[in-house]
Amino acid sequence: MTSPFIEALSLMPRDEPIHDNVLEDVMLDSNTTLKIGVAVTVVGWLIFGLISCLTINSGGKAGRFVPEWYIKSNKKGSDKLAVTGWWIGILLFWPIIWMVYLIRAAEKGVGKCFGLCKWMKRDSEKELV
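The numbering of the sequence shown is the numbering used here, which starts it at 1 and goes up by one.
To be clear, the hints were calculated from the coordinates, so they are not data collected in a lab.
Using C-beta positions, here's what the derived DEER-type ranges look like:
hint : residue 1 : residue 2 : range
1    : L50       : M99       : 15 to 25 Å
2    : E107      : D29       : 44 to 54 Å
3    : T84       : G115      : 38 to 48 Å
4    : F114      : T33       : 44 to 54 Å
5    : S30       : K72       : 50 to 60 Å
Just so it is clear, the structure is predicted and the values come from calculations on it, not from any experiment. From the three backbone atoms N, C-alpha and C, an ideal C-beta is built for every residue, glycine too.
With the hints as extra help, turn the sequences into a complete structure.
Right, here's the structure in full:
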């Protein structure tokens, strides 16, 4: 027998007695599977969004929860609204933000590689002369 708390949290329909225990039922209908999938996706999206907020602002003077530009502002109502918008924007659009970071890192890596290749080419040309 499972605890009433687990049964209360379950997404199983209660109209049929066959679906009375979510942990022992192996036949999930498509509606229940969809609810579970959506819940897991939303929670995962929010967790990665929170991780993105904390990672992006890790160099701030006020810790990881407030951007550095907010510290330097007057902290008026519009500034507080901007911070709220900043948080919501990162929570919603973190995949795009991470793609931009990934592209910038790749550009830096390729740029360093080409810079190193040019430097090595110059040194080899000097040795030949």
